[in-house]
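Chains as they are written, first to last, in our numbering: chain R, 1 to 292; chain E, 1 to 292.
Think of the hints as simulated: they come from the structure by calculation, not from any bench.
The reader is advised that the hints may include incorrect statements.
Same chains, same names: a pair is fine if it fits in one copy or spans any two.
In silico DSSO-like pairs for lysine-lysine, Cα to Cα no more than 30 Å straight-line [to be verified]:
| no. | residue 1 | residue 2 |
| --- | --- | --- |
| 1 | K10 | K252 |
| 2 | K105 | K4 |
| 3 | K25 | K137 |
| 4 | K192 | K161 |
| 5 | K25 | K105 |
| 6 | K264 | K161 |
| 7 | K105 | K192 |
| 8 | K25 | K10 |
| 9 | K10 | K264 |
| 10 | K10 | K119 |
| 11 | K119 | K252 |
| 12 | K264 | K25 |
| 13 | K198 | K161 |
| 14 | K4 | K192 |
| 15 | K119 | K25 |
| 16 | K198 | K264 |
| 17 | K10 | K105 |
| 18 | K137 | K252 |
| 19 | K105 | K119 |
| 20 | K252 | K192 |
| 21 | K252 | K25 |
| 22 | K105 | K252 |
| 23 | K137 | K4 |
Number of protein chains: 2
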Amino acid sequence: MANKVRRLAKERGYAVNMQASALRKERSGIIGMILPIYDNRFFSSITQNFERLAREMGYFPITTCTHRDPALELQAVRTMLLYQAEYIICTGSTDPDQLYDLCAKVGVPTLNIDLPGNKSVSVISDNYSGALQLTHKLIDDVQGTCRMLFIGGQPTDHNTKERIRGFRQAHIERGLPIDESQIIPCGYEAPKAKEAIKALFGNGFESYNAMFINSTISLEGVTQALSDAGNLHSPDMAVGCFDWDPLVAVLKPEITMVKQDVEKMLSELFALIRSGTHQGARIIQIPPILGH
Amino acid sequence: MANKVRRLAKERGYAVNMQASALRKERSGIIGMILPIYDNRFFSSITQNFERLAREMGYFPITTCTHRDPALELQAVRTMLLYQAEYIICTGSTDPDQLYDLCAKVGVPTLNIDLPGNKSVSVISDNYSGALQLTHKLIDDVQGTCRMLFIGGQPTDHNTKERIRGFRQAHIERGLPIDESQIIPCGYEAPKAKEAIKALFGNGFESYNAMFINSTISLEGVTQALSDAGNLHSPDMAVGCFDWDPLVAVLKPEITMVKQDVEKMLSELFALIRSGTHQGARIIQIPPILGH
DNA sequence: AGGCTATGCACAATCGATTGCGCTAAATTT
DNA sequence: AAATTTAGCGCAATCGATTGTGCATAGCCT
Chain R
1 MANKVRRLAK
11 ERGYAVNMQA
21 SALRKERSGI
31 IGMILPIYDN
41 RFFSSITQNF
51 ERLAREMGYF
61 PITTCTHRDP
71 ALELQAVRTM
81 LLYQAEYIIC
91 TGSTDPDQLY
101 DLCAKVGVPT
111 LNIDLPGNKS
121 VSVISDNYSG
131 ALQLTHKLID
141 DVQGTCRMLF
151 IGGQPTDHNT
161 KERIRGFRQA
171 HIERGLPIDE
181 SQIIPCGYEA
191 PKAKEAIKAL
201 FGNGFESYNA
211 MFINSTISLE
221 GVTQALSDAG
231 NLHSPDMAVG
241 CFDWDPLVAV
251 LKPEITMVKQ
261 DVEKMLSELF
271 ALIRSGTHQG
281 ARIIQIPPIL
291 GH
Chain E
1 MANKVRRLAK
11 ERGYAVNMQA
21 SALRKERSGI
31 IGMILPIYDN
41 RFFSSITQNF
51 ERLAREMGYF
61 PITTCTHRDP
71 ALELQAVRTM
81 LLYQAEYIIC
91 TGSTDPDQLY
101 DLCAKVGVPT
111 LNIDLPGNKS
121 VSVISDNYSG
131 ALQLTHKLID
141 DVQGTCRMLF
151 IGGQPTDHNT
161 KERIRGFRQA
171 HIERGLPIDE
181 SQIIPCGYEA
191 PKAKEAIKAL
201 FGNGFESYNA
211 MFINSTISLE
221 GVTQALSDAG
231 NLHSPDMAVG
241 CFDWDPLVAV
251 LKPEITMVKQ
261 DVEKMLSELF
271 ALIRSGTHQG
281 ARIIQIPPIL
291 GH
């Protein structure tokens, strides 16, 4: 009888009103994610995988970009909670612990991805090992003694700190000296990287023969600076980027890229949700892939 | 008194339950958008602008990617309707009219962007003029007589047809002959463009000195094919791309790109919503920008 | 002061789906 | 055949916010 009604309803195009259903069941079926921006291959790939996996679990995925702005992040999460989101995923968040507090108050679990927090589980890349490998690769690529610049990234964020640690460690392992002026975590945005490089022209830039660029966004700025200066091609410069973009990979194969394993990061995240083992702060590291 | 209660509620962290509010008000505040993929600068930029403008209007934006699959598009729109979305924006949809029908049944307006439909208002690029300009530019760039390949895109979709029309018209205006083998709308995906180019090797490819590539996704495939063949650099080949990517712009400035004016497209779309003049099928064309 | 309007506010009804109670009829047991 | 269990199903209550009705009090006018 119930099935008969269901069948007829379907035939005649009736469907449940999810607002009413959610209200009564106290389950919205919504899973929310915030992320810094969409307009970047790493984050857009995260979004795409998030949607796919959420839908496979029967959830309704909702994403919002918050431009690395702590106030916007809070605002966005608050709005998702108004819609009774059942989980909140914080991607590359500037302050995951604050978001945890907000959600914990109403009993909604948070999970971090890309940048870790101290209060809930975090799935991130193994930035240290990735940076260690990339730095070794660049040292190998250079003729003679390597002098490498590290550019881009937020000096306060965990990922950048870990990558700098890997960068340093590779230098130590190869017996290369390092001085502080080599490391310029000027922020992620392209204009900042551009300015930082321009400031080095005639001021030490010429002494470098390798660059460790902390993201494709920063790569954009660096390339603009070089292009403006006219010396777009310095074929003797070994260039590496801790990030991946398929167009860069095919157009500039000489740039070594580190591809974060987005698929594995997200399947790990959803495994935690599925198994209900997302409680308790800890960090799960996924090795990135040193690309061609 | 009412304000006193509101203030106290805010202070003590109470907030409305949007499910209940939506149920009673019969207004969810949700505006939904579907799009083919996130993982592309054009679409991710659309998403980002959509979110910004929706939020400015006080709506809660929801986006979902549907991989150019008509069944998935229907499914996604149906789900958004369950959540009582008030508007549905169809981006680059394979069958916008079918989606219109679905939404019209429950009184929800649809608006198209990127690819037009016949049943509701569509905001798209002026593909014909853009292609005309790009083709002229490439003919100018070539030494001697131009023989140009058109590659990528869906032969059935409006944008590709219009771009081919512009491509043809430019040839006519310059007195250049054209034959059908020059035009290969093999689909958007990179592997398809790659295969199409590979099939031309030793089979006519060598006679071309210009390429009109229909998207950055196809550009990826074309570049892979050239790279696999070892002749990555043919500096005498004039290359244009009807699409824009900032990394390509800085890394390969010799590639002429057409940047669709995403900001204007979306502000136009939201102007239609705001003014309530979104009824009635018509096409609004926004000129793209011929970049460096 | 009596009659009038204006204001404030409590209360019940409503949105649509879901839940569980309780009644009736059917099925099973002794 | 009577007693008991089981199944089927109608019905009222509920989720939380919002709406409009209606009553009571305050303020105003002659």
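How the hints compare with the structure:
Taking CA atoms no more than 30 Å apart as the test, K10 paired with K252 passes in neither setting, with 53 Å inside one copy and 53 Å between copies. For the identical chains of this complex, K105 and K4 are inter-copy neighbours only, at 24 Å across copies versus 43 Å inside a copy, given an alpha-carbon limit of 30 Å. Taking identical chains as interchangeable, the C-alpha atoms of K25 and K137 are never at most 30 Å apart, the minima being 55 Å within one chain and 61 Å between chains. Within a single copy, K192 and K161 get their C-alpha atoms as close as 18 Å, which meets the 30 Å cut-off; across copies the closest is 41 Å, which misses it.
Proximity of K25 and K105 under a CA criterion of 30 Å is satisfied in both settings, with 20 Å inside one chain copy and 27 Å between copies. For the homomeric pair K264 and K161, the shortest alpha-carbon distance inside one copy (23 Å) is at most 30 Å, but the shortest distance between copies (39 Å) is not. Taking identical chains as interchangeable, the C-alpha atoms of K105 and K192 are never at most 30 Å apart, the minima being 37 Å within one chain and 50 Å between chains. Taking identical chains as interchangeable, the C-alpha atoms of K25 and K10 lie at most 30 Å apart whether they share a chain (21 Å) or sit on different chains (26 Å).
Taking the closest pair of Cα atoms, K10 and K264 never come within 30 Å of each other, the shortest separation being 37 Å inside a single copy and 41 Å across copies. Within a single copy, K10 and K119 get their C-alpha atoms only as close as 44 Å, which misses the 30 Å cut-off; across copies the closest is 25 Å, which meets it. For the identical chains of this complex, K119 and K252 are neighbours neither inside a copy (40 Å) nor across copies (44 Å), given an alpha-carbon limit of 30 Å. For a Cα distance limit of 30 Å, the shortest separation of K264 from K25 qualifies neither inside one copy, at 32 Å, nor across copies, at 42 Å.
Taking identical chains as interchangeable, the C-alpha atoms of K198 and K161 lie at most 30 Å apart only when both belong to the same chain, with a minimum of 24 Å there against 44 Å between chains. When the C-alpha separation of K4 and K192 is checked against a cutoff of 30 Å, the pair qualifies neither within a copy, at 63 Å, nor between copies, at 46 Å. When the C-alpha separation of K119 and K25 is checked against a cutoff of 30 Å, the pair qualifies only within one copy, where the shortest distance is 28 Å, while the shortest distance between copies is 37 Å. Proximity of K198 to K264 under the C-alpha cut-off of 30 Å is found in neither arrangement, the shortest distances being 38 Å within a copy and 32 Å between copies.
In this homomeric assembly, K10 and K105 come within 30 Å of each other (Cα to Cα) only across copies, at 15 Å, whereas the closest approach inside a single copy is 39 Å. When the C-alpha separation of K137 and K252 is checked against a cutoff of 30 Å, the pair qualifies both within a copy, at 16 Å, and between copies, at 25 Å. Taking CA atoms no more than 30 Å apart as the test, K105 paired with K119 passes inside one copy only; the shortest distance there is 13 Å, against 47 Å between copies. Taking the shortest alpha-carbon separations for K252 and K192, both the intra-copy value of 22 Å and the inter-copy value of 21 Å come in at or below 30 Å.
With identical chains, the CA atoms of K252 and K25 are never at most 30 Å apart, being 53 Å at best within one copy and 55 Å at best between copies. In this homomeric assembly, K105 and K252 never come within 30 Å of each other (Cα to Cα): the closest approach is 49 Å inside a single copy and 50 Å across copies. Taking the shortest alpha-carbon separations for K137 and K4, neither the intra-copy value of 65 Å nor the inter-copy value of 64 Å comes in at or below 30 Å.
When the structure is compared with the earlier hints, violations turn up for hints 1, 3, 7, 9, 11, 12, 14, 16, 21, 22, 23 and for no others.
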